[in-house]
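Protein chains in written order, with the working numbering: chain A, 1 to 419; chain B, 420 to 897; chain C, 898 to 1011.
Just so you know, the hints here were simulated from the structure itself, not pulled from any lab data.
Yeah, the Cβ is synthetic: ideal placement off N, Cα and C, and Gly gets one too.
Please note: incorrect hints may appear among the correct ones.
What the hints assert, rightly or not - Residues from chain B that face chain C, not an exhaustive set, calculated with beta carbons under 7 Å:
1. 891
2. 892
3. 893
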Amino acid sequence: MYDLIVIGGGPAGLAAAHAAWEKGLKHILIVERDKELGGILNQCIHNGFGLHYFKEELTGPEYAGRFIHMLEDTGVEVLLDTMVLTITSDRQVHMVGKSTGYRVEEAKAIILAMGCRERTRGAIAIPGQRPAGIFTAGAAQRYVNMEGYLPGRRVVILGSGDIGLIMARRMTLEGAKVLACVEVMPYSGGLNRNIVQCLHDYDIPLYLSHTVTDIRGRNRVEQVVVSKVDNRRQPIPGTEMVFDCDTLLLSVGLIPENELTRQAGIRMDPRTNGAVVYENMETSLPGVFACGNVAHVHDLVDFVTAESQRAGRAAADYVLGAAPSSDSVLEVNNGDGVTYTVPQHIRPNRVEKNCDLFFRVNRICKNSEILVTSGAQTIAKFPREHMAPGEMEHIVLPRVLLERAQEDITVSIQEGASK
Amino acid sequence: MYDVLIIGCGITGAATAFHLSRYRLKTAILERENDVADGTTKANSAILHAGYDPEPGTLMAKLNVRGAALAKELCAQLDVPYQPCGSFVLAFSPQDEATLQDLFRRGQANGVPELRLLTGEEARAMDPNLSEQVTAALYAPTAAICSPWEYCLALAETAVRNGTELHLRTAVTGLEPVEGGWLVHTNQGDFRSRYVINAAGVSAQAVHEMAAPTTFVIHPSRGQYYLLDKSEGDRVKHVIFQCPGPNGKGVLVAPTVHGNLIVGPNADPVPDEDVGTTAEGLNFVRTTAQKSVPSVNFRESIRNFSGVRSSTNRGDFVIEMAAPHFLDLAGICSPGLTAAPAIAEYAAELLAGDGLALEEKPDFFCQRRRVRFHDLSPAEKAKLVAEHPAYGRVICRCETVTEGEILEALRGPIPPCSVDGVKRRVGAGMGRCQGGFCGPRVVEILCRELGITPDHMVQDKDGSWLLVGETKGGNNHV
Amino acid sequence: MKELICIVCPKGCHLKVDETNDYKVTGNGCPRGEEYGKIELTHPTRVVTSTVQCSGGAHPRCPVKTSAPIPKELILQAVRCLDGVKLTAPVHTGDVVVPNICGTGVHFIATRDL
Chain A
1 MYDLIVIGGG PAGLAAAHAA WEKGLKHILI VERDKELGGI LNQCIHNGFG LHYFKEELTG
61 PEYAGRFIHM LEDTGVEVLL DTMVLTITSD RQVHMVGKST GYRVEEAKAI ILAMGCRERT
121 RGAIAIPGQR PAGIFTAGAA QRYVNMEGYL PGRRVVILGS GDIGLIMARR MTLEGAKVLA
181 CVEVMPYSGG LNRNIVQCLH DYDIPLYLSH TVTDIRGRNR VEQVVVSKVD NRRQPIPGTE
241 MVFDCDTLLL SVGLIPENEL TRQAGIRMDP RTNGAVVYEN METSLPGVFA CGNVAHVHDL
301 VDFVTAESQR AGRAAADYVL GAAPSSDSVL EVNNGDGVTY TVPQHIRPNR VEKNCDLFFR
361 VNRICKNSEI LVTSGAQTIA KFPREHMAPG EMEHIVLPRV LLERAQEDIT VSIQEGASK
Chain B
420 MYDVLIIGCG ITGAATAFHL SRYRLKTAIL ERENDVADGT TKANSAILHA GYDPEPGTLM
480 AKLNVRGAAL AKELCAQLDV PYQPCGSFVL AFSPQDEATL QDLFRRGQAN GVPELRLLTG
540 EEARAMDPNL SEQVTAALYA PTAAICSPWE YCLALAETAV RNGTELHLRT AVTGLEPVEG
600 GWLVHTNQGD FRSRYVINAA GVSAQAVHEM AAPTTFVIHP SRGQYYLLDK SEGDRVKHVI
660 FQCPGPNGKG VLVAPTVHGN LIVGPNADPV PDEDVGTTAE GLNFVRTTAQ KSVPSVNFRE
720 SIRNFSGVRS STNRGDFVIE MAAPHFLDLA GICSPGLTAA PAIAEYAAEL LAGDGLALEE
780 KPDFFCQRRR VRFHDLSPAE KAKLVAEHPA YGRVICRCET VTEGEILEAL RGPIPPCSVD
840 GVKRRVGAGM GRCQGGFCGP RVVEILCREL GITPDHMVQD KDGSWLLVGE TKGGNNHV
Chain C
898 MKELICIVCP KGCHLKVDET NDYKVTGNGC PRGEEYGKIE LTHPTRVVTS TVQCSGGAHP
958 RCPVKTSAPI PKELILQAVR CLDGVKLTAP VHTGDVVVPN ICGTGVHFIA TRDL
């Protein structure tokens, strides 16, 4: 019997396991499906990681490497090349691997850190032919950065999320010509810095309010048709632009990978596509926690690390019996302008000093205030000059404020409220 | 000199090859693509129809009902996923109800067993997500679903195991009558055969015209589909049709044997084998399907595809000797998948009538099994992995397909040579991430086992290359 | 006055740089933004990341980065000088892969162990 099994050895799993070890758990197992730890960071060879956590700018492999080294100094066990097939509600973990064999392990606590997957062409129903040469940006990134193969020579990228932008630069550096980055929304889904250093630096045009409306080519992509969209995101006839290209990369969103979570009967939030979690990242199944991109899609690995450390510490408290009980629960509602919040539930007496609350806005908001209300009472206000759906927002709610809340709390955006 | 050459290895060609492989004959299949089941066979509704649709007296009527019964046996013998889920045809109006009565009578005449007319309530009681607007339904318990490409592959593999030759990448370019048979010109040289069977699908008219004057015209008709995630897989329990119209059986909503939901098809006339999808076509499919099952959640779509029906101007299958020793199996549109094994039997009868001696082989065997790791019990999984560790390495995490299954396919009678070839054999890449994760790993395994470099790997057909070459001045740098 | 988006960290501060007033930077959230604003208008630089061939390790490519930012106009030239470079495992994070890129005094260094 393990104290803790962590499913996934990417940034979330690594940080969670390390934090749980530091808090005193001794029998910890990380189960990783790949042949090495580090998860998606291994293929994110660009820099820009770690500014918050390590106060220096690292590449993905370096960031992962630091945590892997930190774990080497602990007694945390790792099973690589091992896939978890099922977790049961009584915390049995069924796993299989070439050298692991088929094993069932029990744990006092489980941390779900499986990460996310990319949305595909099928998910957004792009019409056209079905040639080769249509890749999700992450799959192309793996080919280029880890396998050393270039997927194509002339590239159109649909979606301006960070992975799409990063791949625009990568394909350019590795010898391809990136003809356009196309975004259906009127704003980019990626970080501003990536628009500057991945598109502007290489004169790659960004077409906002445009989408791909046809893919041509029998065996391999030959042309991609891009059209302008109206404010309901419907293509406008007559605005078609034809790009001669051999490759279409898709960066059209990430979906938390929660098949194990659903199987285990854990309550899900349709807005995050992750489990509903409490302030300490515990799910509806006691002793099972979720952190990182499996809980909600993050933009910055530093925030994944911080969140996962909280989950790791909370799992340790759970196993060691240090968690306070008899909780009152506040539900966190999404008010105007807010797409989702994490956590979705807060137990004020379990908040140590402060409760971190993450959320995304559903539109670009300028000179606004984030309002936290409970019934008619406003319990906190946070001014923001600029917020965008592509950038996760973070506020900190002190325990004293939460204890004052009489009823469920609501997070909303009031625009033009502040100067 | 071959006894029989079969042109085309879709479901019709494969079923015919399989059937003929029980006789002492030297048979070969010529397939122009790099794999079997690479045309309409891989892109259709995957339904084994009960047989109430075709006009009594037609070949379609006769071969559908017989084919459905044979398919059930064959799928069991050859380990092809098959589910006898039954089908409904829905009525939304008194006019539709009259159509159901017609279909019921046709079904009776065609010998379809167990047909029943249900009220709207009865239908909804059996399939609760059906529209409230449904007033009546025709229930056909013998309708089933299957994996069409695995069905074709299983038939072709078994034929090969029984001695049939399969020549891939072999496109027929001309047919010449010669003493005692035909000289078949291909891009891979000439083949001489006593009999030639034309099972070339959408290209059957072109092949026919190499041998005989025109007797039918193919009007390719494209059908577009949605495939939805397994989260939508139990939206319906039966195959749900609307009343058939002039363009066929219309848009259906059905479970698949892989646990997904399939929705489609529409019917667009197309000039050739154009398997694209269009915004209008997909829109039509979506809105039409929601009339039957309003709650289908299209946000769970994982793939769109289309297939081209080889409909003809004759309105029935074209199964006849078109010239001495030349047999057409043409115009095999729906219910062609269902009818295939019956078409094969009928083809053998026609060849026998034309002088081909059919002598049964004592050593014909009709069996096939493959490991489906996902479907095993924990104890079976544990045992298998202990014996063969490659089954412990999960390659496709959406469908839980293991390296062992891919290696097994590579050692099979018709090994895959493309990423989609692996998908059709073992299901890797069929799931919700559509190969985003397992694609590079499948390429790695294929390249290792086939001894080629990744820049020579294809997604599907020849020419569907995946990678340009190596970065950083590697050996395969271009 | 020139407006820039700071790329030093993911925050993306909107900077204003006054070329007429000794490149005075406003709108920055930290001192690094001030430095970025000045450099971006006088001699812009970037950290460049890429890969090189590597044999005997877990992967056929080893990721690398420049040990410091290099002039922006040298980016493509710098990446080209990685062509044909072949490492052999073991490789350690921080190992110099290509020294003194294009005479800048900056090196390409490995960013993982292989």
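Item to check | Enumerated hints in conflict with the structure, sorted upward | outcome: none
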